[in-house]
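What follows is the residue order along each chain.
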Amino acid sequence: MTTQTKSSEANKPSKLIKGATGDWEIVVGMEIHAQVSSQSKLFSAASTEFGGAPNAHVSLVDAAMPGMLPVINAECVAQAIRTGLGLKAKINNRSVFDRKNYFYPDLPQGYQISQFKHPIVGEGEVVVDVTPTEQIIVGIERLHLEQDAGKSLHDQSPTDSFVDLNRSGVALMEIVSKPDIRSAEEARAYVTKLRTILRYLGTCDGNMEQGSLRADVNVSVRRPGGPLGTRCEIKNVNSIRFIGQAVDVEARRQIGILEDGGKIDQETRLFDPAKGETRSMRSKEEAHDYRYFPDPDLLPLEFDQAYVDQLASHLPELPDDKRSRFMRDYGLTGYDAGVLVMERASADYYEAVAKGRDAKLAANWVINELFGRLNKEGLDIETSPVSAQQLGAIIDLISDGTISGKIAKDLFEIVWSEGGDPLALVEARGMKQVTDTGAIEAAVEAIIAANPDKVAQAQAKPTMLGWFVGQVMKQTGGKANPQAVNDLLKAKLGI
Amino acid sequence: MSVDQANVRRIARLARIAVRDEELPHLAQELNAMLAFVEELNAVDLGNAEPMTSVLPMQMKMRQDVVGDHAGPEIVTGNAPISEDHFFLVPKVIE
Amino acid sequence: MTQPVDLTLAQARDALHAGKISAVELTKAHLAAMEKASALNCYVATTPDQALAMAQRSDARFASKDAGPLEGIPLGIKDLYATKGVHTQACSHILDGFKPDYESTVTSHLWRDGAIMLGKLNMDEFAMGSSNETSYYGPVVSPWLPNGWTQDQARKALSGDKKGLLVPGGSSGGSAAAVAARLCLGATATDTGGSIRQPAAFTGTVGIKPTYGRCSRWGIVAFASSLDQAGPIARTVQDCAIMLRSMAGHDPRDATSFDAPVPDYEKSVGASIRGKKIGIPREYRIEGMPAEIDRLWNQGIDWLRAAGAEIVDISLPHTRTALPAYYIVAPAEASSNLARYDGVRYGLRVPGKDITDMYEQTRAKGFGKEVRRRIMIGTYVLSAGYYDAYYVRAQKIRTLIKRDFELAYANGVDAILTPATPSAAFGIGEKGSADPVEMYLNDVFTVTVNMAGLPGLAVPAGLSSGGLPLSLQLIGRPFDEETLFSIAEVIERSAGQIQLPKPWWE
Numbered sequence: 001m002t003t004q005t006k007s008s009e010a011n012k013p014s015k016l017i018k019g020a021t022g023d024w025e026i027v028v029g030m031e032i033h034a035q036v037s038s039q040s041k042l043f044s045a046a047s048t049e050f051g052g053a054p055n056a057h058v059s060l061v062d063a064a065m066p067g068m069l070p071v072i073n074a075e076c077v078a079q080a081i082r083t084g085l086g087l088k089a090k091i092n093n094r095s096v097f098d099r100k101n102y103f104y105p106d107l108p109q110g111y112q113i114s115q116f117k118h119p120i121v122g123e124g125e126v127v128v129d130v131t132p133t134e135q136i137i138v139g140i141e142r143l144h145l146e147q148d149a150g151k152s153l154h155d156q157s158p159t160d161s162f163v164d165l166n167r168s169g170v171a172l173m174e175i176v177s178k179p180d181i182r183s184a185e186e187a188r189a190y191v192t193k194l195r196t197i198l199r200y201l202g203t204c205d206g207n208m209e210q211g212s213l214r215a216d217v218n219v220s221v222r223r224p225g226g227p228l229g230t231r232c233e234i235k236n237v238n239s240i241r242f243i244g245q246a247v248d249v250e251a252r253r254q255i256g257i258l259e260d261g262g263k264i265d266q267e268t269r270l271f272d273p274a275k276g277e278t279r280s281m282r283s284k285e286e287a288h289d290y291r292y293f294p295d296p297d298l299l300p301l302e303f304d305q306a307y308v309d310q311l312a313s314h315l316p317e318l319p320d321d322k323r324s325r326f327m328r329d330y331g332l333t334g335y336d337a338g339v340l341v342m343e344r345a346s347a348d349y350y351e352a353v354a355k356g357r358d359a360k361l362a363a364n365w366v367i368n369e370l371f372g373r374l375n376k377e378g379l380d381i382e383t384s385p386v387s388a389q390q391l392g393a394i395i396d397l398i399s400d401g402t403i404s405g406k407i408a409k410d411l412f413e414i415v416w417s418e419g420g421d422p423l424a425l426v427e428a429r430g431m432k433q434v435t436d437t438g439a440i441e442a443a444v445e446a447i448i449a450a451n452p453d454k455v456a457q458a459q460a461k462p463t464m465l466g467w468f469v470g471q472v473m474k475q476t477g478g479k480a481n482p483q484a485v486n487d488l489l490k491a492k493l494g495i
Numbered sequence: 001m002s003v004d005q006a007n008v009r010r011i012a013r014l015a016r017i018a019v020r021d022e023e024l025p026h027l028a029q030e031l032n033a034m035l036a037f038v039e040e041l042n043a044v045d046l047g048n049a050e051p052m053t054s055v056l057p058m059q060m061k062m063r064q065d066v067v068g069d070h071a072g073p074e075i076v077t078g079n080a081p082i083s084e085d086h087f088f089l090v091p092k093v094i095e
Numbered sequence: 001m002t003q004p005v006d007l008t009l010a011q012a013r014d015a016l017h018a019g020k021i022s023a024v025e026l027t028k029a030h031l032a033a034m035e036k037a038s039a040l041n042c043y044v045a046t047t048p049d050q051a052l053a054m055a056q057r058s059d060a061r062f063a064s065k066d067a068g069p070l071e072g073i074p075l076g077i078k079d080l081y082a083t084k085g086v087h088t089q090a091c092s093h094i095l096d097g098f099k100p101d102y103e104s105t106v107t108s109h110l111w112r113d114g115a116i117m118l119g120k121l122n123m124d125e126f127a128m129g130s131s132n133e134t135s136y137y138g139p140v141v142s143p144w145l146p147n148g149w150t151q152d153q154a155r156k157a158l159s160g161d162k163k164g165l166l167v168p169g170g171s172s173g174g175s176a177a178a179v180a181a182r183l184c185l186g187a188t189a190t191d192t193g194g195s196i197r198q199p200a201a202f203t204g205t206v207g208i209k210p211t212y213g214r215c216s217r218w219g220i221v222a223f224a225s226s227l228d229q230a231g232p233i234a235r236t237v238q239d240c241a242i243m244l245r246s247m248a249g250h251d252p253r254d255a256t257s258f259d260a261p262v263p264d265y266e267k268s269v270g271a272s273i274r275g276k277k278i279g280i281p282r283e284y285r286i287e288g289m290p291a292e293i294d295r296l297w298n299q300g301i302d303w304l305r306a307a308g309a310e311i312v313d314i315s316l317p318h319t320r321t322a323l324p325a326y327y328i329v330a331p332a333e334a335s336s337n338l339a340r341y342d343g344v345r346y347g348l349r350v351p352g353k354d355i356t357d358m359y360e361q362t363r364a365k366g367f368g369k370e371v372r373r374r375i376m377i378g379t380y381v382l383s384a385g386y387y388d389a390y391y392v393r394a395q396k397i398r399t400l401i402k403r404d405f406e407l408a409y410a411n412g413v414d415a416i417l418t419p420a421t422p423s424a425a426f427g428i429g430e431k432g433s434a435d436p437v438e439m440y441l442n443d444v445f446t447v448t449v450n451m452a453g454l455p456g457l458a459v460p461a462g463l464s465s466g467g468l469p470l471s472l473q474l475i476g477r478p479f480d481e482e483t484l485f486s487i488a489e490v491i492e493r494s495a496g497q498i499q500l501p502k503p504w505w506e
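Protein chains in written order, with our numbering: chain F, 1 to 495; chain P, 1 to 95; chain Z, 1 to 506.
In short, the hints are calculated from the structure, not lab data. These numbers were taken from a predicted model, which means no experiment stands behind them. Mixed in with the good hints, there may be bad ones.
Claimed, not checked - In silico DSBU-like cross-links for lysine-lysine, where the CA-CA straight-line distance does not exceed 30 angstroms:
| hint | chain 1 | residue 1 | chain 2 | residue 2 |
| --- | --- | --- | --- | --- |
| 1 | F | K90 | Z | K396 |
| 2 | P | K92 | Z | K99 |
| 3 | F | K117 | Z | K396 |
| 4 | Z | K365 | F | K151 |
| 5 | P | K61 | Z | K369 |
| 6 | F | K117 | P | K61 |
| 7 | F | K263 | P | K92 |
| 8 | F | K100 | Z | K369 |
Claimed, not checked - One side only, chain Z facing chain P, incomplete, derived with CB under 10 angstroms:
| hint | residue |
| --- | --- |
| 9 | K20 |
| 10 | D264 |
| 11 | T356 |
| 12 | M358 |
| 13 | L463 |
C-beta: ideal position from N, C-alpha, C; glycine also.
Produce the entire structure from the sequences given, and follow the hints as far as they go.
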């Protein structure tokens, strides 16, 4: 059963945490920084390529040389709109870039160009699959475009930090959720789903290791149904697993303080995965005062509805729609369909395999055999040694009775490790199922003749038939058609 | 509105400009003179005026997403007071 | 015989084309004049080798009949413009030693058209000032003699404490003084609140701030982005028209740059203004305005009427609010624009015990008093709790100021005539030392134009009782600089060419 819940009141009690003094509810909201997939930076023509020698991907604009001016990248705007559409969000045809002023060595301008009051994308929502049978809806507060900062390396020298501006000016989408998340599990599922959507759209590669996707996690706790508690922001959590851990340990920390009669200080914290704890970032000597104001180097960002419509008409099918279609057209379960649509490439692979074949059989093979094997080897669908065409051919051989399901698994192994055309392999290696009833009959008769006691037992108790099937299969090297064996045995044994 | 010496210190800190204690009274006086000068704006009837965001009614042009002008690390760091291996160096930042 | 440096830009151009003078000769004459005038402190860096090399190339292009519109014309460049490989410091200590690896769009247009760079001109630090006294390189001395002074007296003061000598105005003081002293045929300048028109007025030269967006801001050190605009200062209206045509033009690297063809402004010079409707804003008749300024204005009205223009009284009710609103908007933008000067990537760095201390020491030492003051006030008006009361209010007032102009233009007004400055040039050290606001009042007539993004031109119209130049200002419709050139030429012709001071400093 699928349940959709939106408000906290409708949440199931199972999400609550037991404290010493009663139950607590976790409330989480997230700010995801997703790097926009683009060739060049948000306001300069420098490359966004990951890595590179220090300060190699830096233009005069990124280095904030005197007199340099920002010019916006049309593709970054289009990507933000596509993402907004994918999040079923309101697209603002007029938005404004503001300057967020603060001093930091990896912020060359002394301000970050961001969108404060008037973001490009407004409210939307994401359907999050928490488990195969439970969905929640997480509201999106807004999405805005902003510049990434450079990087400071602190371990190169005892006295100096080394500043590299290659990241400076790369376009980010900050996607702010509403505080609709109630557990570590939901937090993980939310980021997972968001990443899936971004990848489908091609607007962010979602690579958390390279920092293309980073999360700031706002955590607070409260008594169920009570007023919101004071929140702490855990900065820059860079894996889905850590997001879950960070939510849990931070919630426990806060509950501990509250149950001891203390109070939570609103602050920024860091998650330390090695120690499994969050700790306060060095407390700032003064409160931030970012002095936001509209960037006078830029005009308001305006586009017409026709432009949005044109982008919308080229949007790919998104995971939720694809999942529904797979359930409807292929008769798959919600679980199988959900697994298959997690990655666009997997879904495409599946469809290539399923086309014109038994769709459920195809789903079993893709999910159980292929995904299982890929996971074991640490490979992904793009680098799968077995192509959709090859897997399709294997399924064809099962369907037309050329090989049995068991032989098919062996065949899959051969294709996986050696490659080649499945049909040719089956023929060359004599893996074909024996459908020649004469040969099967001989084997059946030999077994019956050699086991008169078992025959008597089977005639009294027909479930013994399985034992005979096994013997025949053993004798034929597994190649006998199981249906033919069954039929023959039943006839000969008279059951 | 007017500023006192504590305000001046806070503003100077935000602006990252070192001020000596003995400068504070004078700076406060100067800033207050400027604030007094703009005081008359409070009397202006603003009606329904929107804050100006662009002085002329132009639509912002966008650039195509093409990689171009890399200055090159030599040029990027060429004017730097202190650099090493094409990194800019700053006093160690503790996070 | 007329010396080469006494030619106007247009005359020099014609002489070059006629082969009466070579670009090298013209350039050498200017370099020699510059050397003798070094005490005026107009230039903060000279580029004689580069100038001569450019002049030789110009002469070659004349020989191959390949000359550009500004071929062989020696110009001075305000230190705010980035010039590749050449001193570019906005006359600030904080940009010590900065030599950009890039050329501003406007100067590259000038070199494209054949002009020659003589050097970088002095200015108020980061263009913040109205007297050129805030420059890290010291004040510029106006070539105009103070009332009643003998040349000897002036020379003595020039080699001494400069007390009593006149300011050239600012922030483009070096540009205006160099043009008036014939140390270049024209100069680039910039105008954020009056920084082209006020120094032009103080020195008897012509200056135009074009419509916001006309000239690219790319490569010009930013002061207040929504107000800054490049423009020329030259000795005649025609010379300004010639220069602006080269300087202007769309630049895809500046998002606020206007995309439309640049007219041949020179064609507007001398065009009839018959039937043009000239607005006279009553709010510019401010309290305490000297009678001679009032007389000058009336004189201007008479000239234009005589040339067939129709004079109408208009009202720009928010005029009064422009200067205080400017002193919120401009410092706010500046406080952010100047955040990049932090001792990390270029310019001055003062060591500190940690990163914050390094920033604070560098910026305290690198910025002068006026710049520090404006950064502080700008930081304050943007800070939490004050933003709406100051910045948002000022931007709303800007909308009202612009609406005033739009209304006047909607009623058929082609251009507006006002005084350029509330007084003639004053003495070095005379103003603003006790109260900064005293200095700010210099821009009372010019600043409205920046707030509304309109074109404004200052043209000499007469002399004060003390024998110093006084100018009138023309304000135009957006992107209609042509009408301003036509009307300005009528004033210039009617007033008779101002006699620039003899070179007493040599």
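Hint check results:
1. F:K90 to Z:K396: holds (28 angstroms)
2. P:K92 to Z:K99: Measuring from Cα to Cα gives roughly 27 angstroms; hence the hint holds.
3. F:K117 to Z:K396: OK: K117 of chain F and K396 of chain Z at ~17 angstroms, within 30 angstroms.
4. Z:K365 to F:K151: holds (27 angstroms)
5. P:K61 to Z:K369: Since the Cα atoms of K61 of chain P and K369 of chain Z sit roughly 38 angstroms apart, the hinted pair is violated (cutoff 30 angstroms).
6. F:K117 to P:K61: holds (21 angstroms)
7. F:K263 to P:K92: violated (34 angstroms)
8. F:K100 to Z:K369: Cα-Cα ~25 angstroms, so holds.
9. K20: violated (43 angstroms)
10. D264: violated (22 angstroms)
11. T356: holds (7 angstroms)
12. M358: The hint holds - M358 of chain Z has a Cβ within 10 angstroms of chain P, the shortest such distance being about 5 angstroms.
13. L463: violated (31 angstroms)
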